[in-house]
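**Q** What follows is the residue order along each chain.
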Amino acid sequence: MLEVRDLCRELGAMRNRVLDEVALEIRAGEFVSITGFSGSGKSTLLYLLGALDRPSSGIVKLDGIDISLLDDDARATLRNEKLGFVFQFHFLLPEFNVLENVMIPMLRRGKRSRSECQRRASEVLESVGLGELLARRPHQLSGGQQQRASIARAVANDPRIVLADEPTGNLDSKSGLAVMQVFEHLVRAQGLTVVMVTHERTFAARTSRQLEMQDGRIIADIDQRDD
Amino acid sequence: MSRIVVFIALRQLWDRKLLNGIAVLGVALGVLVLIAINGIMQGFQVKFLDNILRISPHVTIFDKQLRPEASILTRYEDTFVAAKVAHESPSDRQLRIARPTEIVRAAEQMSGVQAAAASLVGSAVLVLGSKQYPVDLRGIDPAKQDQVTPLSAYLVEGSYRTFSAASDGIILGSGVASRLGANLGDVIVCGSGTGDRLNLKVVGFFDAGIPPVDNSRVYVKLRNAQVLLGKPDVVGRIELRLADTDSAPRVSDSVERMFGYDAESWQETNSNFLGIFAMQNTIISFVVGAILAVGGFGILAIQIMIVLQKTRDIAILRSVGFHRNDILVGFLLQGAIIALVGAAIGDLVGHYVVLALSHLKTHQEGLVKSEYFLVRDDPRFYWYGAAFALTVGLIASMIPALRGSRVEPVDVLRGQLG
Ligand SMILES: Nc1ncnc2c1ncn2[C@@H]1O[C@H](COP(=O)(O)OP(=O)(O)O)[C@@H](O)[C@H]1O
Ligand SMILES: [Mg+2]
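Residue numbers (numbering that gives the first Met the number 0), protein chains in the order written: chain Z, 0 to 226; chain D, 0 to 417.
Any given hint could turn out to be false.
Below, a sample of chain D positions facing chain Z; criterion: calculated Cβ distance under 10 Å [what the hints assert, rightly or not]:
1. R10
2. F321
3. E407
Output of the computed footprint for chain D on chain Z, the stretches with three or more beta carbons under 8 Å from beta carbons of chain D [stated by the list, open to error]:
4. 62-75
5. 92-106
Calculated directly from the structure, the hints in this document are not laboratory data.
Where a beta carbon is used, it is the ideal one built from N, C-alpha and C, also for glycine.
Take the sequences, apply the hints, and build the full model.
**A** Right under this line is the structure:
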């Protein structure tokens, strides 16, 4: 489903090679974790997988489409229709309540009517355990609740793949565990594909496939199901 | 423009009520000033021109020939030159319009000309008892003149019919009458340096609402003016009334070509006033433009601030699939809404200011006489206000909108995560 070949990314005036000829293939239904030291290029890889950034060279193919060849608008549309993001700092829009935050990507897509969007959003929020808090504004939620709302937003628009960059990095261990359980539930129950960058060894160990990065390269790729 | 973009723009506006409210007030103030100043200036100008146009002819033909008959000597130029009559001057010839009745009849046939009247203008002195007063004497044909400059409509006392019927009537401007202390029926001695004296009976007072005219002008019959001024049978002016006042310069040109006498449109006659008005209007445009521009800078400053504060939110929207254009349109929309709400408030308050001014009692007696403060409540001003505000709002929010649309989500994300 997601295919990466010879992927390089150079950043900054010094043209530092942050990603160095990365190759990777991710299949539908996988729960992939990426670990590695800070600065090893995990986020950079995630932004490229998520069509947020363009590679310096190499190919990122999602469902056979080479993302690096798409223009800005086409990548935005692709992100809307096929990708979901969860970041370390729960990026919710402060002017909108939780339900509206989850509805916004769906409304942008325009595939569902407003009432369908609303039904779908509350359904997903229910499944991440926020069914009671639909009308709250983001600042009225705890960090863990905000992060689960972000996951609901990423999932609600039926993405092909969800990309998460240290989703538990800013949470206490209890909330972090709850977030991890939400991901596990979505993968198991709905066949969602998830790529998650994390520092937590214990969480990485619970995923179906574990990648480790160092200096812009993937140095380990352990697939539990292959074993 | 998709509905979600509108939805987000409205919510973002509403969530920053205070800041956006300040921007709205800036625009409202600009529009208010536009309406109030224009109302005041136009109120005066329109009233003045209105009065001028009712009492003044639209085109005046003067007794000055454009191609004066050549001096007799030039006829012999080919054979007998080197001669010149010393002191030959135009005043040696009688200034007059030749064959005035024919010109009046011909002018009335011209398209766009509604009426024409011959008259003679000069200076005279009126004496009543111990008082004497110099006046601008107009000798007219009562019936015809009334069609050109509807004098009978301005008669505040007396009767125009009596003036037409009597052979020795005089109509005084209201200011002339009060300075002389004249009443209806008084007999006034009237003279000029050049002709005979006449005893004339006061048959009416007129008030045109223009103090310079009301304080100096008197009307007598053409024949009496000719006697008074010592110019028997002379016609010095032919005045025309037109269907369309804007056509006066054109009619004036063709009259000059047809009859060979100097003619002047009302615009030319009042060119000094029209020039002042044009200048006033230019200055007002600058002032109003400057105030609206300040309103625009308000929008600009506030939106730039919002864009800077909201780069994170823009990055979120971009990462969940919003296009650059959605962000651009969103901010432009906010600018447009600020401008239109400001314009609506400015229009509304402006309307009440104009209304209040028009009820303000003043005693105005300069170029125009009025009991009330002169303002004009022209619906076009409200549309101008809205249109200007919208333009200013869109231009002002263009910079923040472009800035916002150029936010790269990865830059924001890298900045956040280090
Ligand atoms: N704008 C930039 N200019 C130059 N170097 C950058 C820039 N952004 C990130 N880097 C470098 O790229 C490397 C990888 O960063 P990142 O992908 O964020 O690592 P990780 O997410 O694994 O911590 C780091 O060494 C970082 O210093
Ligand atoms: Mg990172």
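**Q** Each hint: holds or not?
**A** Hints versus structure:
Nearest Cβ of chain Z to the Cβ of D:R10: about 5 Å, under the 10 Å cut. The hint holds. Below 10 Å, beta-carbon pairs count as interface contacts, and D:F321 has one with chain Z at about 6 Å; its hint therefore holds. Hint status for D:E407: holds, given a least beta-carbon distance of 9 Å to chain Z, under 10 Å. Counting residues of the segment 62-75 of chain Z whose C-beta lies closer than 8 Å to any C-beta of chain D gives 3; at least three are required, and the coverage claim holds.
Residues of the segment 92-106 of chain Z with a Cβ under 8 Å from some Cβ of chain D number 7, which satisfies the need for three, so the listed coverage holds.
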